[in-house]
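In order, the protein sequences belong to chains A, B and C.
Residue numbers for the first sequence follow the numbering used here, so the first one is 1 and each next one is one higher.
Residue numbers for the second sequence follow the numbering used here, so the first one is 1 and each next one is one higher.
Residue numbers for the third sequence follow the numbering used here, so the first one is 1 and each next one is one higher.
Keep in mind the hints are simulated off the structure, nothing from the lab.
A few of these clues could be false.
Simulated crosslink set (EDC-like; lysine to aspartate or glutamate; CA at most 16 angstroms straight-line) [stated by the list, open to error]: (1) C/K225 to A/D449; (2) C/K148 to C/E217; (3) B/K151 to A/D411; (4) B/K152 to A/D411; (5) A/K478 to A/D190.
Keep in mind the model is a prediction, meaning the values are calculated, not measured.
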Amino acid sequence: MEVLTVEHLSFTYPQASSPALEDVGFGLAPGEFVTLCGATGSGKSTLLRLLKRELSPRGEQSGRILLCGEPADSLPPRQAARTVGFVMQQPEQQLVTDRVWHELAFGLENLGLPRELIARRVAETAGYFGIADWYDREVDTLSGGQKQLLCLAAAVAMQPALLLLDEPTARLDPIAASAFFDTLRRLNRDLSVTVLLSEHRLEQALPLSDRMLVLEGGRLREDGAPRRVIPRLAGSPALLRAMPAAARMGAALGAAECPLTVREGRKWLGRHCIPPAGGTDSSAAPAVNPDAPAAPAARSSASAPAAAPGACAPAGFSGARRESAALELREVWFRYEKQAPDVLRGLSLTVRQGEIFCVLGGNGSGKTTALGVAAGLLRPYGGGVRVFGRRLRAYPGQSLYRGCLALLPQDVQTVFLRNTVREELADAGTDASALPFDLGRLLDRHPYDLSGGEQQLLALARVLASSPRLLLLDEPTKGLDAGARENLIGILRDLRNAGMTVVAVTHDVDFAALCADRCALFFRGQTVSEGTPEAFFSENRFYTTAASRITRGYFDRVVTVEQAIARCAACLRREAADADD
Amino acid sequence: MSLASCNPAVAAVCLLSAAGIAMFCMNPVILALSLCGAVCFSLLCGRAGEGRWHLFVALLFVATALVNPLVSHRGATVLLVVNHTPLTLESLLWGISAAAAVAAALCWFRAFSRLMTGDRLLWLFGRFSPRLSLVLSMAFRFVPLFGRQAKKIRQTQRALGALREDSAAGSFRGSARVFSVLLTWALENGIVTADSMAARGYGSGRRTQFSVFRFRRADGVLLALALLFFAGACIPLACGALDTVYYPRAALPRLTPAALTGYVSYGLLALLPAAAEGWEAIRWKCLRSSI
Amino acid sequence: MRTIESPRLRRLLRVLLPALVIPALVLGGALVLDEKRQMFTAFAVAVCAVLLFLAGIERRQIGARRMVLSAVMIALCVAGRLIPFFKPVTALTVLTALYLGGEAGFLVGALSALLSNFYFGQGPWTPFQMLAWGLIGLFAGLLARPLKKSRWLLLCYGLLSGVFFSLVMDVWTVLWYNGSFDAGLWLVAMGTALPHTVLYAASNFAFLWMLARPIGEKLERIRIKYGL
């Protein structure tokens with residue numbers, strides 16, 4: 001019997017003109033792992049919430065939802081709560097109590113189970129998830145990844161038959177996200193928990209999935225094994241963009257069964273694209289940013305003929321160059337408290353005017369701290385910071401933040417003060433017409449009612465109101481779907497072309513590969529390497545894009561999926577031509 | 001079995017009964033015993049920073065003791081006359097006793113705060129008031145969360161150039177701005193917490209209270225002792241055997257058997273926390289030497 | 001446990017019980033105990049009043065959203081006390097009461113006092129603070145309509161409740177110190193607390209002046225959006 005059966009489900013929000021979901025039908029067999037894909041606004045969250053009775057939004061609903069063969073509405077409240085577990089996006093706000101053990105027990109307490117049984121289940125769950133070590137801690141002392149694991153554990157402690165997850169890793173860094181997926185996979189394999197997951201980060205989710213469901217405009221467009229479904233998406237670039245790099249290459253090059261992981265991608269490449277003798281070819285290498293008016297390598301070599309394009313630039317620049325530096329950190333040392341360890345250890349970094357500079361690095365490598373130091377929010381105890389050639393101290397009062405430098409924080413909700421987008425823009429002293437992007441249709445909405453991508457744009461508008469020449473961004477793509485990310489990249493390029501300097505700190509290697517002019521890698525509060533994206537990512541082994549990992553050894557200097565597809569296509573063409581001869 | 005490791009209910013009874021009697025009884029012997037017990041306990045489980053706290057209490061003691069003779073001029077024994085206003089011995093004695101009562105209560109309540117950490121206290125509340133204790137438990141978690149968020153908001157707003165901190169009015173306005181952003185954030189995100197509660201079956205029926213605290217035999221012994229001593233002190237107190245007269249002439253109550261029982265019982269009650277602490281330390285030393 | 005069926009009778013009891021028990025305690029205290037034990041009576045009254053009110057709220061079926069909202073407001077009161085120049089407990093309690101009802105006001109006021117004393121020190125003053133802040137919220141809830149209409153009335157209420165709070169705490173200080181009420185000591189206590197009282201009332205006034213409207217709008221939005 002199926003764990004979940006959905007038949008002809010339609011749903012319309014009150015006062016909405018069109019339905020959010022239309023005639024959706026599918027079933028989940030016990031132990032299946034299913035990923036739900038679709039762009040923002042395609043109805044993923046609505047569908048998941050309708051499947052969890054306690055969280056059903058209000059509105060007009062038709063069709064049937066069966067849980068283990070019974071209509072979901074007819075289940076007694078406790079059974080309904082127990083059968084379906086739900087994990088949301090925000091790790092911090094999902095926790096209810098202040099201690100780890102109490103959080104694990106919370107759901108079981110609500111079910112009214114006897115104390116001995118709760119004690120046993122809590123202990124078992126803590127052991128399985130490896131959280132026995134922090135059993136007594138206050139949840140406040142946990143990291144984001146630990147909090148999200150705790151949320152998962154708390155849901156699983158109730159022993160649900162079906163686990164619904166609504167973008168659970170959107171707010172986590174890549175390492176924590178991997179740990180989360182590993183646990184999820186283990187749960188699915190060991191306990192045969194049925195999983196329905198909606199996710200942006202398909203690179204990791206799809207290889208685990210037995211099936212994928214694709215929602216488009218509230219309708220279920222595809223339902224089947226990922227390898228079969230992805231080639232069928234070839235006509236919809238918006239949906240395809242979110243897929244794993246290997247799958248995108250496969251789909252674009254007409255594979256019947258898409259590869260999903262890097263390993264499978266390499267295998268597929270080995271079978272179909274034999275690179276010309278000599279191992280590498282550079283004839284067909286396209287520019288990194290095909291639509292940028294001036295390729296960065298060309299620009300930097302024009303202004304500094306001595307520097308070989310793409311070579312790792314030395315950190316310190318001589319006097320003549322310093323004038324053109326938008327931001328310069330020299331031997332910066334910083335720690336948060338007297339007794340705390342150093343976060344920045346002699347960090348040196350130069351960002352030239354008019355470039356997009358991406359800073360990559362693991363958690364705790366000092367990326368965000370460096371941004372705070374550059375913005376004058378944190379004061380280093382050693383070293384110097386110059387913005388456009390002037391020391392930070394030389395900017396009196398608020399003049400640094402007026403027309404010079406602006407910082408877009410990681411948590412954009414720390415920006416919003418007003419009740420509508422219009423008021424928010426007015427508060428910043430700007431209006432929608434002055435922006436390089438369109439917010440026109442959002443003007444009367446509340447900032448918190450916007451989607452993640454729209455919130456990001458509103459915050460960016462708020463930050464750009466002071467017309468800065470140097471824009472600092474902290475994790476600008478966190479929680480954004482593929483479409484919103486593409487949009488952001490376009491905006492950043494436009495800003496750069498208009499003369500703005502952009503520094504972005506990010507975990508998102510694909511974002512950096514697509515939009516950076518130069519990248520730097522941070523490790524333990526220092527830059528360890530620096531260069532153009534092609535050079536940077538093709539020299540890195542681990543900290544690089546999936547496309548680069550797939551094509552390594554076959555093609556040189558390929559970092560984005562587009563480049564990889566172009567090179568493979570050329571190679572396939574040649575092969576076809578050879579066959580014709 | 002020290003109070004820090006025993007059942008929260010037992011610890012609460014021990015500390016509150018000792019503090020309660022000292023709050024409502026102005027007998028100098030009881031007050032001296034109370035102060036002695038509280039300071040002993042505080043020294044035994046002392047940590048860094050205790051020295052400054054004791055200094056603060058000592059200063060407060062002197063100050064409060066001196067207020068009464070300066071304000072109240074009741075009493076028969078005049079010590080000296082300043083500016084035609086008499087300073088009396090009785091009023092000074094009353095001041096010292098009141099100061100001792102205040103100092104003892106401060107010490108007891110500080111010990112109480114330190115021993116009854118959030119989770120222990122919530123467990124205690126949860127027995128009587130499951131809903132409100134859950135509200136408190138959530139609030140407990142929110143406070144540091146909001147504090148951190150407020151810090152982030154302040155940085156963001158500063159980088160937006162929205163904070164002008166050059167004057168007091170500007171600072172106040174800046175704080176108001178930060179607070180307003182924080183409030184929206186907290187309210188909007190609070191709904192996620194509510195959803196997460198509902199998703200885990202909150203409100204689906206009567207809840208159980210799960211806890212990691214147990215009631216062991218030693219807890220029972222400690223509780224029985226505390227209640228016995230409390231009753232032994234309360235009965236003479238209620239009968240008036242410990243009533244002390246301050247005005248017009250100060251006099252201790254007569255040392256009747258009832259009064260003696262009261263003193264002994266209260267003395268034991270006040271020293272119980274310190275004794276439990278010491279007993280635990282000694283026992284641990286013995287146990288550890290056998291590891 | 002047997003429950004009273006009629007909701008009207010229940011509501012009547014909830015109002016009457018505090019109204020009967022507290023005067024009975026005061027009267028009993030005055031008759032049985034001598035003058036020196038006024039403090040004991042006062043303490044017992046405060047504790048009983050707080051417990052009765054809270055028990056009334058506990059008995060109500062509060063939904064998860066309302067509970068979280070109360071917890072958020074309580075935590076904001078406490079976190080606000082940690083922000084420099086800010087003592088928002090009174091003002092926030094009043095605003096909560098205006099938009100979410102007097103009972104929520106009492107809850108937020110009383111529990112904020114309890115919770116913030118975990119950071120600023122518990123003591124025998126805790127029940128008095130709980131009662132004073134709780135009552136400020138309760139009365140604001142009763143006066144919600146006029147207070148929402150007139151900004152000046154709201155500001156006056158804020159100012160007065162700030163003063164009321166300080167006076168109540170001064171009475172308790174005197175009772176604690178002296179055992180019975182003493183006008184001379186009360187004047188001394190008020191005198192030493194005067195700068196604090198003035199600062200407190202002023203900060204209440206400024207807070208309500210600047211934030212009453214925006215916070216009101218935000219609470220109203222939440223109330224509508226989440227169907228409370």
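Checklist entry - Are the Cα atoms of A/K478 and A/D190 separated by 16 angstroms or less? => result violated, 31 angstroms
Next on the checklist: For a C-alpha distance cap of 16 angstroms, please report whether B/K152 and A/D411 respect it.
Outcome noted: holds, 8 angstroms
Checklist entry - Going straight from one Cα to the other, do C/K225 and A/D449 come out at no more than 16 angstroms? => result With Cα atoms ~10 angstroms apart, C/K225 and A/D449 stay inside 16 angstroms; holds.
Checklist entry - Does the structure keep C/K148 and C/E217 at a Cα separation of 16 angstroms or less? => result holds, 11 angstroms
Checklist entry - Has the given pair, B/K151 with A/D411, been kept, meaning a C-alpha gap of at most 16 angstroms? => result holds, 12 angstroms
In summary, the structure is inconsistent with hint 5 from the numbered list given earlier, while agreeing with all the others.
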